[in-house]
Amino acid sequence: MQQTEPKSPGLAVFNTALGIFVAFLFMLPVIWMVTSSIRPNAEIFRYLSPLTIWSVVPTRVTLENIVGLLQTGFARALVNSLVVTMITTGLGLIIALLAGFSVSVLEFPGRDVLFALFVVGFSVPFDAVAVPLSAQVRDVGLTNTYFGLALAGLGNGFAIYLLRQFFLGIPRSLAEAARLDGASWLRILFSVYLPLAKGPVTAAGLTLFVFQWQTYLWPLLVASDPSMQVGPVALAGLVSLSGTVDFSQMFAGALFLSIVPAGLMLWLQRYFVQSVARSGMTG
Amino acid sequence: MSEVARQGASGQGTPRKPDNAIKWGDAVTGYLLALPAVVALLYLRVIPAVDALWESFHQRSLFDQTQKMFVGLENYVFLFTQSPTFLQSVKVTLLFVVLTVAVQTVVALALAVLFTQKGWGMSFWRTLVFLPITIPTAVSAVVWGTAFRGDGIINGFLLRLGLDPQPFLASSSQALWSITILASWIGVGYWMVFLIAGLKDIPDEVKEAASLDGAGAFRTFFSITLPLLRRPLAFVVVANTVANFLQFVPAAILTQGGPQDSTRFVMYEIYTQAYVQGDVSLADTQIVLVLCVLLAIVAVQFRLLKAKD
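Protein chains in written order, with the numbering used here: chain W, 1 to 283; chain S, 1001 to 1309.
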């Protein structure tokens, strides 16, 4: 990101202060979540009314919550989430890459219609058809399987759109030269286009990952077996199953579920931001 | 054909294949590469939608779920005339979408303007605002749900300011607003990224010309920047509408659609219809209606994207 040197220092100080304040406001729930997950359960509500600095700063730090949580089967749910999300991200990326390449580089009758169908069809949120689809999935015996769970996020219109827009910007002469050298289209995709597309591929992968990681309704419908439970459902179970909620464990679970996607995003966000900026979705 | 043989056919000096033949080969490859996505589209969207449509013209026996009877449009008529909850869920969803999209668009625009100003570390502060989109909705729901409790941290803050504690999710007049706040915390940073990209697309000369003409910052914003930001704004409004239309998690985890059905979102209504009431046909009828609305909005969204090409 190009950051030009501020012309008038006064205004820049004001902007920076405001930026930090806004960021702090948005991070408050996260800060509260983090500090509550490492303080004893009895102390979480003790310092809340009225609000003081001790509402968010723990007076005693403990790892009991995290240890206790991992003994409840939550660890298993986290592993399930990871496996399912990896399957979706891997397969989803392959589907989007092949489709994005097909509707941008290859020429065939009905190409633009196909692209429109992909984007429009996959942009209809998955949850809309989750109920009838769960019956289909039951009929083919995919309930309580990793692949069945991974189905939710496989088709992603945004990913196909990002990749197509990027591929359209690559000069055709590159593909034609490789063609004359006798390379197959698949080979051109993987050895000419893919190496150039690190940014949009990362952005598409991130989108697939974040979507699948947070799915809640679909696992509720197709994974009734407790051993196949995914993280978000297990977290909700901590809140609603027991009459008395162990809030410290709940916060610890919330923290675990947030660290993975938020960490990935912090690491890779510039690809996401660049891809959005370049995709023509703006201006 | 081996790599060598193919090179021989198209390479040095040998006559090229006629154009038509090459294109025909390309077309087959094109269809083949798109095939996995076509299969996914059929299996994950089209077939379940057709299934829901078919089911919506039927009714299943209460005693034997495999017994199906054709009832024509009866399910649709029932929803609009007799269902005790359907129209309420439509009302709640529309109100929620309008509120949430309005709040998010205005805040996202304000923050986009802030984070394109000159300052130190602005892209890092912006990233922190963007981060909540990555946090699973279930996490946001339980954290905010705990914060909204009677003895929660938000009421602690109100007490500190000397204000009365509020019921938030426990009140039928505040629950929807509370979920709007939760949804906005999640979404604002995400939509802000699209608006920042739009703002950066506006050439500096345009803004400089305006300020040279003596237009103040506010004049420049409303008469120059905003009109040029029309397309990304339209995209954000439409895409955000789609994103919030099927809100489910906060209702499922925090409010169970209450109090007094005030957070009975359409998706929650469909879910309870299918799995609590056990009336799959009625649930599928609602799904058909939701799909019609969503398809229309998504088509508009796609047109907005295409217009740029």
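No wet-lab data here; the hints were simulated from the structure. Idealized CB from N, CA, C, for every residue including glycine. A hint or two may mislead.
Sample of chain W residues at the chain S side, in silico, Cβ under 7 Å [claimed, not checked]:
id, residue
1, Thr16
2, Ile20
3, Ser55
4, Pro58
5, Ile66
6, Leu70
7, Leu93
8, Gln214
Item checked: Violated constraints from the hint list, given by number and in increasing order -> 4, 5, 6, 7
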